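Start from the sequences and build out the full structure, keeping to the hints where you can.
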Amino acid sequence: MPANSGIEIASINVNGVRAAFRNGMGDWLKTSTSHILALQEVRASYQDLAEQFEANGGLAESGGKWHILHDEASAKGRAGVALVSTIPFVSSSVKLGTNDFDSAGRWLEGKYQLGSKKLTVVSTYVHAGEADTPKQVEKYKFLDAMQSRMAKLQKSEDFAVVVGDLNVGHTELDIKNWKGNLKNAGFLLQERAYFDNLMGKQGWVDIGRAAHPDVPGPYTWWSFRGQAFDTDTGWRIDYHLATPKLAAEAKNYTVHRAKSYDSRWSDHSPVTVVYAI
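The sequence shown begins at 1 in the UniProt record's numbering and counts up one residue at a time.
No lab work stands behind these hints: they were computed from the structure. None of the hints are false.
Distance windows between CB atoms, simulated:
{"id": "1", "residue 1": "A19", "residue 2": "N177", "range": "23 to 31 Å"}
{"id": "2", "residue 1": "S93", "residue 2": "Q202", "range": "15 to 23 Å"}
{"id": "3", "residue 1": "Y140", "residue 2": "A210", "range": "25 to 33 Å"}
{"id": "4", "residue 1": "R22", "residue 2": "T254", "range": "22 to 30 Å"}
{"id": "5", "residue 1": "T254", "residue 2": "Q113", "range": "19 to 27 Å"}
{"id": "6", "residue 1": "L114", "residue 2": "W178", "range": "36 to 44 Å"}
{"id": "7", "residue 1": "Y261", "residue 2": "A210", "range": "26 to 34 Å"}
{"id": "8", "residue 1": "P88", "residue 2": "N181", "range": "39 to 47 Å"}
{"id": "9", "residue 1": "P216", "residue 2": "N184", "range": "15 to 23 Å"}
{"id": "10", "residue 1": "D232", "residue 2": "P134", "range": "30 to 38 Å"}
{"id": "11", "residue 1": "Y46", "residue 2": "S148", "range": "25 to 33 Å"}
{"id": "12", "residue 1": "P88", "residue 2": "S5", "range": "15 to 23 Å"}
The calculated lysine to aspartate or glutamate pairs, modelled on EDC-like cross-linking and capped at a C-alpha distance of 20 Å, are:
{"id": "13", "residue 1": "K111", "residue 2": "E157"}
{"id": "14", "residue 1": "K95", "residue 2": "E157"}
{"id": "15", "residue 1": "K118", "residue 2": "E157"}
{"id": "16", "residue 1": "K179", "residue 2": "D214"}
{"id": "17", "residue 1": "K245", "residue 2": "E157"}
{"id": "18", "residue 1": "K118", "residue 2": "D158"}
{"id": "19", "residue 1": "K95", "residue 2": "D144"}
{"id": "20", "residue 1": "K76", "residue 2": "D48"}
{"id": "21", "residue 1": "K30", "residue 2": "E8"}
{"id": "22", "residue 1": "K201", "residue 2": "D158"}
{"id": "23", "residue 1": "K30", "residue 2": "E54"}
{"id": "24", "residue 1": "K65", "residue 2": "E54"}
{"id": "25", "residue 1": "K76", "residue 2": "D102"}
{"id": "26", "residue 1": "K135", "residue 2": "D102"}
{"id": "27", "residue 1": "K95", "residue 2": "E138"}
{"id": "28", "residue 1": "K155", "residue 2": "D196"}
{"id": "29", "residue 1": "K245", "residue 2": "D158"}
{"id": "30", "residue 1": "K201", "residue 2": "E157"}
{"id": "31", "residue 1": "K176", "residue 2": "D267"}
{"id": "32", "residue 1": "K179", "residue 2": "D232"}
{"id": "33", "residue 1": "K117", "residue 2": "D158"}
{"id": "34", "residue 1": "K259", "residue 2": "D232"}
{"id": "35", "residue 1": "K201", "residue 2": "D144"}
{"id": "36", "residue 1": "K183", "residue 2": "E138"}
{"id": "37", "residue 1": "K251", "residue 2": "E8"}
{"id": "38", "residue 1": "K76", "residue 2": "E138"}
{"id": "39", "residue 1": "K111", "residue 2": "E249"}
{"id": "40", "residue 1": "K183", "residue 2": "D132"}
It should be emphasised that the depicted structure is a prediction, and the values quoted were computed from it without experimental measurement. We put the CB at the ideal spot given by N, CA and C, even for glycine.
Pasting the structure below:
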C-alpha cells in the first residue's frame, strides 16, 4: 500500500510498448515513483506487455513488483490500453457502450482498495479521427459512449479518475498553433463540446488545467516531425479528469518532458498526479 503521502498515477501514451522500452522507458521507470501506470497505445499482446515488465521489476504473480490489467484492440497492432500497478486491483471492466460497439483496446477500468476508500482508475485512448471521414464518425461514437459512462461514474463513485490520451485539445490554451487547427480533428468545435459537457454539466475536474490556469499548455504531445519538440509546438491532449472529491486531494501535477529530442521514447510525455487519499 502507498504511504500516507498519497497515490501517484501516471498517464502514458507509450506509442507502442515494445518500442518504448527499446528506446529508454525502462530507464524512466527506474526513477518513477508512480503506483499506477495508465498506458495507452500499447499495441502489443498481454504476453508481450508482461515480458517488458517482467524484465523491469518483475510480475507480482512471480513475487515481483507489477500487477497488470490489459485490453487489446480488435485489430492487431492498434490501440491497446493497460493499467500496470504496484498495488493489486480489486476488479476491472472494459465495457463501454452497447454490445455491438467495439471499444476494445480503448477503455479499461480498474478498481483499487486504498484503506477504507475505493479508487476507480480508467485508462482510455480516444480515436485520433480525421475530419469529414468515417474515422471521425467512429471518434464521435466513442466520445458519445465515453460521455455516457463518465456521467454514471460521476454519480456512483466519490474517487474516480479518467486518464489518457483523449486526442482533443479543449481550449485555445491546449494547442500552440490553434488557429491553424480549427478545421482539423483534435480541435473541432463538435469535439470540444464534449469536453465542455464533461467539465461543465458533469462536473469532472481537469487537473492539468486546474494546476495551470490561464497559461498555454503545458503540452504533452509533440510530433516527431520537424522542430515541433524543440520549439514546444505541442498539444495538451493527455488528461487527468477527476471527480470533485478526488480532485480536492490532487497535487504535484507534472508533465515529464524529455530533456532533449533524442532522449524521447514516445511522442507523448508521461503526466503524473499525486492523489492524497
